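Using the sequences and the hints given, assemble the complete structure.
So the protein lines, in turn, are chains A and B. Numbering that gives the first Met the number 0 numbers the first residue of the first sequence as 0 and each following residue consecutively. Numbering that gives the first Met the number 0 numbers the first residue of the second sequence as 0 and each following residue consecutively.
Keep in mind the hints are simulated off the structure, nothing from the lab. Any given hint could turn out to be false.
Capping the alpha-carbon separation at 25 Å, the derived lysine to any residue pairs in SDA-like fashion look like this [to be verified]: (1) K174(A) to R420(A); (2) K25(A) to R234(B); (3) K44(A) to E565(A); (4) K405(B) to K417(B); (5) K25(A) to D525(A); (6) K546(A) to P250(B); (7) K239(A) to R360(A); (8) K239(A) to V383(A); (9) K25(A) to G248(B); (10) K25(A) to G128(B); (11) K268(A) to S248(A); (12) K174(A) to L124(A); (13) K546(A) to G128(B); (14) K268(A) to V371(A); (15) K546(A) to G99(B); (16) K546(A) to G248(B); (17) K546(A) to P233(B); (18) K562(A) to N35(A); (19) K405(B) to E416(B); (20) K320(B) to P395(B); (21) K25(A) to L251(B); (22) K546(A) to S246(B); (23) K488(A) to G252(A); (24) K25(A) to P228(B); (25) K546(A) to S95(B); (26) K36(B) to Q217(B); (27) K25(A) to P233(B); (28) K36(B) to T21(B); (29) K546(A) to Q252(B); (30) K25(A) to D232(B); (31) K239(A) to G264(A); (32) K25(A) to Q252(B); (33) K25(A) to S246(B); (34) K239(A) to A296(A); (35) K25(A) to P250(B); (36) K546(A) to L251(B); (37) K25(A) to P524(A).
In this text the structure is predicted, and so the values were computed from the model without any measurement.
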Amino acid sequence: MSVRGTRIPPHLQLPIAGVTPPPTEKEGQRLFPTGNFRFFRPVYKDKTPPCNNACPTGEQIQKYLDFVKHERYLDGYLTIMEDNPMPSVTGRVCYHPCETACNRAEHDEPIGIRSVERFLGDYGLDLPEEPIKDTLPPLNGTTVAIVGSGPAGLAAAYHLRRRGYSSVIFEALDKPGGMLRAGIPHWHLPEEVLDAEIAKLLSLGGIEIRTSTRAGQDISWDGLRNYAAAFLALGQDVGKRLPVEGIQSRGVGGGLEFLRETGLGRPVKVGREVLVIGGGNTASDAARSAIRLGGGAATIVSLESEEELLIVAEDLEQAREEGVLFSPGTSLVRVLSENGHVTGAVLCDARLARDDNSAVRPELIPGTEREVVCDTILVAIGQVQQLDWLPEHLSDSSGIITADEHGRVEGNILVGGDVMRGPSMVVDALGDGKRAARDIDRLLTAQALTPEPDVTIMPYEGLNSAYFRHAPRIEAPLSPAAERSRSQKVEVTLAYSEEQAVAEADRCMSCGVCNGCDNCYIVCPDVSVLRDARENGHYSIRTTYCKGCLVCVQECPTGCLEKVPEMDFDAPEDVTRMETAFAPYDGAHAEQSAFTKQLIEDTIAEYDAARRQPVPGGGPPPNGHPPNGRPQNVKPQNLRNEDHDGGRP
Amino acid sequence: MTTVHVEEAGGQRPAYGPGLRTPAGEERLNGLAGTRKRLNGCAAAAYAALYANVDVITAYAIRPYTAIMMNLAQFIADGILDAEYIHADGEHAQLSAAFGAGSCGARAFTGSSGVGVTYAYEMYSIISGARIPIQMSIADRTLDPPGDFGSEHTDALCTRDMGWLMGWAATPQEEFDKSLLAYAIGEDPRVLLPQMVVQDGYFVSHISGEVDMPSAEQVDTFLPPYRLPFPLDPRQPLSHGPQIHPSQGPPLQLERARAMEDAIPVIREKTDEFARVFGRQYPHFVEEYRLDDAEIAIVISGGHSVTCRAAINRLREQGVKIGMARLLWIRPFPSDDLRHALRGVRAVGVVETNLGLGGPTYGGILAPDVTAAMYHASNRPHITSFMAGLGGETVPTAEFEWMAGKLGQAVERGGVEKAAHWVGFED
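What follows is the structure, given as structure tokens:
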């Protein structure tokens with residue numbers, strides 16, 4: 000017998016030859032520490048989804064879409080409120096840079112993020128009590144001055160309140176809201192929605208709005224400097240003038256001023272033949288409001304050609320549906336009048352050109368002049384602000400307050416919104432308010448202002464697109480053009496139903512962010528992906544056993560799993576040196592595990608049922624297992640690890 | 000892979016677990032008990048699986064073993080055998096499925112021939128290393144090329160060092176008996192190794208012989224229900240054949256080597272127990288035929304031994320002192336028993352029926368094993384390799400007589416003429 004006298008040293012002994020504790024158990028990993036085979040390690044590294052990155056307020060869009068998908072609307076609302084205090088407003092009027100950036104556009108169509116945001120915002124407004132109240136710290140006794148109650152000012156007040164500061168907002172008009180009220184028509188943003196959003200903020204306590212208080216008249220620069228800190232967010236609400244002959248005629252006015260008077264509910268007269276001069280969104284809003292108010296025709300006369308128009312695509316389409324006419328590539332040369340009232344205009348074909356300072360300069364095409372009849376002209380060619388009450392060095396000629404890269408004007412005074420960046424989106428202003436609140440807090444607590452950290456944005460190519468079924472975007476419903484174009488009150492864009500919101504949120508591909516889909520957990524051939532807490536979707540890699548095959552990385556739909564060379568870890572000989580699982584969005588994950596759980600339970604039940612079958616003679620069931628399913632301790636004699644005598648018969 | 004569920008009459012699948020027989024099966028076996036049936040080797044193997052009441056059968060068709068699976072499929076269709084019958088997409092999957100079934104505690108039965116055997120090669124070490132005692136029934140077939148349905152032992156012998164118990168049956172009766180015996184040995188907790196029960200294609204698999212049918216009780220006494228000590232169980236998770244650290248390789252191989260050697264006493268024990276239960280006593284390892292006073296001997300395995308006996312009888316009539324040692328088991332190789340059987344002979348010829356291209360004798364596979372065993376014998380006979388019966392050719396008595404002549408010359412000369420002879424191609 001060649002094996003006579005052989006001995007297996009204790010440290011190499013296995014319980015039964017060829018049969019070991021599985022690597023799911025500690026003993027199994029101790030026996031087989033195959034983690035040192037690995038060249039690359041799968042690492043969960045959440046990236047920033049492009050939507051989140053594109054949003055100036057940094058809304059965690061992936062996170063709240065995930066909540067909506069699982070019908071956790073309150074969690075979704077609270078998630079938005081971390082970044083944006085008025086989702087019912089932005090859910091209606093935002094030009095949604097998030098949707099423009101959405102990776103899903105490369106797959107089929109971008110997610111209707113704005114409509115889901117509106118759904119959550121309106122859900123929040125319908126709550127009997129504002130839930131954010133319970134999360135606020137007590138007031139710390141410091142009050143910050145804010146000039147302007149537009150989106151930037153209100154956002155700053157809200158985020159300051161979240162940090163314990165009181166604020167007092169100086170508003171020149173007799174109602175709060177700034178451009179939200181005085182620039183955006185009610186058919187985009189109903190007055191009651193705006194009022195409710197502002198009331199929600201005021202209900203938090205510590206925010207005071209002083210209306211009819213104009214900076215420079217009712218509060219001076221020095222008066223502002225007396226506050227611990229101040230945030231200048233007065234916007235740009237003075238329309239630019241057009242230097243052409245006859246512009247002083249009655250019936251000629253500013254588009255912005257027209258929208259303001261309309262928005263504040265003041266009596267406004269508009270004719271039945273309206274020319275709107277300008278190629279941007281203000282021109283579009285003015286033309287559409289003019290049709291609603293006067294019941295006549297409105298033509299947008301723009302230097303911009305058809306392709307150059309600055310009106311966002313969906314507004315342009317809606318305007319056309321409502322009967323707005325367009326005269327692109329055209330310049331207003333002269334206003335014609337009779338008895339001081341406008342009767343028509345001389346137009347001329349033109350091209351948009353810019354001078355050395357990039358100011359707009361029309362380039363007329365000779366011989367194309369023509370007369371048109373009109374009774375109203377609204378000029379919407381840009382806006383400025385009256386800033387002569389500021390120290391001269393703090394503003395420039397275009398109505399902009401100058402500041403450093405942090406929006407800091409001087410001392411503890413910061414600026415944001417249109418008066419800092421020129422005409423911009425509501426959401427830009429909201430983002431500035433959020434940023435200003437953070438930086439004011441830093442200044443008041445003697446911290447340095449730092450640049451925004453670099454982020455890694457998840458590209459579409461990084462996703463495993465095979466996992467995403469093509470599904471069309473659910474377009475938000477619109478009021479019929481014939482109905483809406485006769486009323487200032489009828490909202491143009493309507494809301495998603497609950498089902499639509501959930502279905503649209505379900506289209507989110509969760510770019511770069513683990514959403515607990517369990518794919519890595521299921522595909523791992525070596526039981527090396529662990530789900531320590533099944534309810535929150537956090538995974539970790541069993542680094543003592545994982546051999547680095549990277550199937551999990553390949554099969555990660557969201558691209559949050561990546562391979563990292565082992566050499567990048569600080570101690571190459573140690574395979575357990577880094578916590579690999581982190582997901583910054585706690586709690587937004589992992590509702591899909593029920594299926595996997597059920598699968599395992601069903602398997603065990605089937606297995607148990609198979610063993611309960613009767614055995615002749617009432618003896619133990621086959622395989623040596625008593626009915627409770629535990630194997631008997633049968634150990635083959637030759638497999639014992641003591642010395643092998645080789646002398647058995 | 001397709002799992003074939005055969006519905007009982009009325010569409011209700013009976014809930015018979017392992018260790019139980021269907022009523023039709025009980026009735027059939029009761030009717031067979033004590034009778035003698037004319038069966039070919041394939042049918043004999045299938046009847047053995049029926050008596051062994053296997054739980055899982057994995058099949059993939061290839062001649063000549065296919066008839067085993069045909070018979071088993073018929074048993075299931077007739078309702079006399081309740082087993083999962085899995086038709087695999089190839090032999091590798093076929094062996095894998097049998098391995099999985101055995102790992103879960105099922106008595107698994109599979110088989111193949113020729114290139115089918117070699118196609119499944121990966122699984123042989125895996126199954127024996129995991130110590131899963133499934134049975135593979137092989138009816139030999141020549142390996143390609145060229146395509147040849149004839150019997151040659153090379154297919155099974157290729158796998159001889161993979162940790163499977165392996166032995167040839169020479170008749171349908173022995174095929175039947177060896178199947179039951181191999182299960183009993185392999186499933187013994189002292190052994191736990193898979194088994195290859197091999198028969199010559201056509202010479203045994205397709206030629207009928209008489210087979211005594213036992214009662215079900217006899218078989219159940221000899222071969223109790225399969226009890227794997229470490230089945231896969233979702234409540235008691237464990238690994239079969241996991242990835243290991245290099246230092247854990249040698250002890251595992253030592254365990255497998257121990258199991259193979261420990262099988263030797265178990266084979267003796269089970270062979271004797273078989274005789275007590277069924278009344279047929281086989282030699283433990285080596286059939287000794289007219290060796291008592293023999294000067295020269297043929298060592299052989301499988302069906303050609305039948306012709307060999309006839310040739311020996313004729314040669315004995317002519318006064319040639321010749322005998323035969325037939326190997327009933329190739330693995331574990333019965334070195335002790337072979338030395339004992341050949342203790343008085345002076346020259347030995349090993350009939351190969353296989354190809355050992357480029358091996359130590361430049362002939363077959365068996366002669367080197369026989370030579371190594373006999374090297375330590377006190378008589379240390381001259382040994383040569385006879386390449387005969389290749390490609391499914393018969394080995395007629397004339398060829399055995401020719402071999403006897405060569406062995407006689409070796410005795411006279413005091414040494415073999417050549418290490419290997421190609422019988423039929425030399426004067």
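Going down the list of hints, with the structure as the test:
1. Note on K174(A) and R420(A): the hinted pairing holds, with a Cα-Cα distance of about 24 Å set against a maximum of 25 Å.
2. Between K25(A) and R234(B) the alpha-carbon distance is near 16 Å, which keeps this suggested pair within the 25 Å criterion.
3. For the suggested pair K44(A) and E565(A), the alpha carbons sit about 15 Å apart, so the restraint of at most 25 Å is met.
4. A threshold of 25 Å between alpha carbons decides the hint, and for K405(B) with K417(B) the separation of about 10 Å falls inside it, so the pair holds.
5. With a C-alpha separation of about 14 Å, the suggested pairing of K25(A) with D525(A) holds against the 25 Å cut-off.
6. Restraint check for K546(A) and P250(B): the C-alpha separation of about 23 Å stays at or below 25 Å, so the hint holds.
7. The straight-line distance between the Cα atoms of K239(A) and R360(A) is roughly 14 Å, inside the 25 Å bound, and the hint therefore holds.
8. With a C-alpha separation of about 6 Å, the suggested pairing of K239(A) with V383(A) holds against the 25 Å cut-off.
9. Between K25(A) and G248(B) the alpha-carbon distance is near 20 Å, which keeps this suggested pair within the 25 Å criterion.
10. The suggested pairing of K25(A) with G128(B) holds, with an alpha-carbon distance near 23 Å, which does not exceed 25 Å.
11. With a C-alpha separation of about 15 Å, the suggested pairing of K268(A) with S248(A) holds against the 25 Å cut-off.
12. Distance hint between K174(A) and L124(A) is fulfilled; the C-alpha atoms sit about 20 Å from each other, no more than 25 Å.
13. For the hint pairing K546(A) with G128(B), the CA-to-CA distance comes to about 22 Å; that is within 25 Å, so the pair holds.
14. Simply put, K268(A) and V371(A) have alpha-carbon atoms about 21 Å apart, close enough for the 25 Å limit, and the pair holds.
15. Taking the CA atoms of K546(A) and G99(B), the gap is near 24 Å; set against the 25 Å cutoff, the hint holds.
16. A distance of roughly 18 Å separates the Cα atoms of K546(A) and G248(B); the hinted pair therefore holds under the 25 Å criterion.
17. Distance restraint check for K546(A) and P233(B): the Cα-Cα separation of roughly 24 Å lies within the 25 Å cut-off, and the hinted pair is therefore satisfied.
18. Restraint check for K562(A) and N35(A): the C-alpha separation of about 15 Å stays at or below 25 Å, so the hint holds.
19. Taken as a hint, the K405(B) and E416(B) pair is honoured in the structure, with Cα atoms around 8 Å apart against an allowance of 25 Å.
20. Proximity of K320(B) to P395(B) is assessed by CA-CA distance (about 19 Å); at most 25 Å being required, the pair is judged to hold.
21. Proposed proximity of K25(A) and L251(B) is supported: the alpha carbons are some 20 Å apart, at most 25 Å.
22. Proximity of K546(A) to S246(B) is assessed by CA-CA distance (about 18 Å); at most 25 Å being required, the pair is judged to hold.
23. Taking the CA atoms of K488(A) and G252(A), the gap is near 23 Å; set against the 25 Å cutoff, the hint holds.
24. Taking the CA atoms of K25(A) and P228(B), the gap is about 22 Å. The hint holds against a cut of 25 Å.
25. As the CA atoms of K546(A) and S95(B) are separated by approximately 24 Å, the hinted pair is consistent with the 25 Å bound.
26. Restraint check: the Cα-Cα separation between K36(B) and Q217(B) comes to about 17 Å, which is no more than 25 Å; the hinted pair holds.
27. With a C-alpha separation of about 17 Å, the suggested pair K25(A) and P233(B) falls inside the 25 Å cut-off, and the hint holds.
28. About 22 Å separates the Cα atoms of K36(B) and T21(B), which keeps this hinted pair within 25 Å; it holds.
29. Of the supplied pair hints, the one linking K546(A) and Q252(B) holds, its CA atoms being roughly 24 Å apart against a limit of 25 Å.
30. For a cut-off of 25 Å, the pair hint linking K25(A) to D232(B) stands: about 18 Å separates their Cα positions.
31. A C-alpha spacing of about 23 Å is found between K239(A) and G264(A), which places the hinted pair at or below 25 Å, so the restraint holds.
32. At roughly 24 Å between alpha-carbon atoms, K25(A) and Q252(B) fall within 25 Å of each other, so this suggested pair holds.
33. Taking the CA atoms of K25(A) and S246(B), the gap is about 19 Å. The hint holds against a cut of 25 Å.
34. A distance of roughly 24 Å separates the Cα atoms of K239(A) and A296(A); the hinted pair therefore holds under the 25 Å criterion.
35. For the hint linking K25(A) to P250(B), the alpha-carbon distance of about 21 Å falls within 25 Å, and the restraint holds.
36. Of the pairs offered as hints, the one joining K546(A) and L251(B) holds, with about 22 Å between alpha carbons and a cut-off of 25 Å not exceeded.
37. Annotation: proposed proximity of K25(A) to P524(A) holds, straight-line Cα distance about 18 Å (limit 25 Å).
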